[in-house]
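Chains A and B, in that order, give the protein sequences. Counting in UniProt numbering, the first sequence runs without a single skipped number right up to 273 at its last residue. Counting in UniProt numbering, the second sequence runs without a single skipped number right up to 273 at its last residue.
Any given hint might turn out to be false.
Only pairs whose alpha carbons sit at most 25 Å apart, straight line, appear in this in silico SDA-like list of lysine to any residue [claimed, not checked]: (1) A:37 with B:73; (2) A:228 with B:42; (3) B:86 with B:187; (4) A:136 with B:219; (5) A:136 with B:135.
Don't read these hints as lab results, they were simulated from the structure.
Protein chains: 2
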Amino acid sequence: MFLQPTLLLLSLLAPALGHEHYGTTLYPRAEGGASPKFGYHGLEGPLNWYSLDKEANELCAKGTHQSPINVAGASCAATPSSLSIKIPAALHGAELENLGTTVDVTTNGTLVNGGKTSELVQFHFHTPSEHAVDGKYYPMEVHFVFQAADASISVVGFLIELGPLDALLGAVLAGLPYIPSTGNVTHTKPLDFTALEKHFASSGTYQYAGSLTTPPCSEGVSWILSCKPLSVDVAGYEAITDLIKFNARYTQNNEGVNLLEHSAIEQVLARIN
Amino acid sequence: MFLQPTLLLLSLLAPALGHEHYGTTLYPRAEGGASPKFGYHGLEGPLNWYSLDKEANELCAKGTHQSPINVAGASCAATPSSLSIKIPAALHGAELENLGTTVDVTTNGTLVNGGKTSELVQFHFHTPSEHAVDGKYYPMEVHFVFQAADASISVVGFLIELGPLDALLGAVLAGLPYIPSTGNVTHTKPLDFTALEKHFASSGTYQYAGSLTTPPCSEGVSWILSCKPLSVDVAGYEAITDLIKFNARYTQNNEGVNLLEHSAIEQVLARIN
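Next comes chain A alone, as it looks inside the complex:
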């Protein structure tokens, strides 16, 4: 993956805080596993991400194009031939790491979107889902994080419902018992992405411009969500919730109004009046 020198330098200086962008030039992978400096409950939780680092996380409170959102089901559009993902089989498995706030897998792949190519950095899981469709959430969601040579980030997301265990998800989740603690790393079983590529191509997509769903909540992220969920069985769901516990940011406003900011203004007015 090509890295711009200045971004590379920045990335070497920046702490590994998040997972939406973990391994991108914004925040490179840390040696020996990083303990993210945010969480999902209380003062570490999403409402307070801004206060955890007011400079770095400014957009978590003040952004106007934040993710996740509640998607309108009617906005699903057929996946054009100019949009595709290509992820070679990981014949010997791939690295699976427990980052504390999620588990992620690092392997190679590409996203081609209208002639622009981005490289797969990692994919990771959320439970329950971060995005909702017509108000409905799903038990899990997986995010494939891609970065282009110009450092722009695209995330391809799949909602995950309960049902038969998807073979690819099964091969990843089978590794969870080996990474019980933050920083633990193991190798997955061999991974085959052929069915996922076809699922993506045939299911249509929701697309919108949003942000990282974890601090620093950077905007300018191209979101591409598959309209059709993958599926996981109860045992796989239990394994993820036992380990990750809960890591979904609440849905943001999709009308260019920041909810935290809106709420703050209302509360300030209440103090004055």
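Given chain A, put chain B in place with the hints provided.
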């Protein structure tokens, strides 16, 4: 159920806005089904409940003992003999209503807690769970809402995991196909609460002083959570998420700090500095 005259008068004047307290003297049941004036996404969502009605919902933004919370698993204590629920079988079923933001069941019953008796008003469902235990959420949660003669409210909550379908939950969920729209009402199959009473008595409880988890977020609510989850099968879970979609408030701070208020103050300081 005995109602204090002034509370009864108030209750007749108040609109039916919520479901945590629906049917209590705070908000009596409306004729023909009420459409709650709040939601779970965007400007109707939990971050903005205060702004929807600044007088009525003041505590949603400014309360310091708000629910739900992330419970410490170690705080589970054996259920004392002075704490029990008694809910007679509903031999001919009970009324099941779609309130838009949840479904609720009205039937009679009592909670005895240290010599104080409260009457069951209704029970209703959340998905995913509102409370978390050691950070872990569950797919569902059911709240049994009780009110005492002094108008104080106690809620007995059960987390619900995936597994064999609990017979009582199954008898309730079987009614969901008959109430597809807000305001729809049906009758459940016969309901037997014997197993639930035993489950409650034998599983231990987490107890804390919190609030309604829906507007107006009133405080002074005695929360009593069973330490052991009930279970529901995948079909029951699908039926609930298809209908309710998502209705869980984010966890609040359990240290007497209001997160929305905290966040607002930080943002005001950022504007001044």
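These are the hints, each one checked on the structure:
1. A:37 with B:73: The hint holds at about 23 Å.
2. A:228 with B:42: Distance of about 23 Å is within 25 Å: holds.
3. B:86 with B:187: 21 Å, holds
4. A:136 with B:219: Violated - the C-alpha atoms of residue 219 of chain B and residue 136 of chain A are around 29 Å apart, more than 25 Å.
5. A:136 with B:135: Roughly 22 Å separates the two Cα atoms, so the pair holds.
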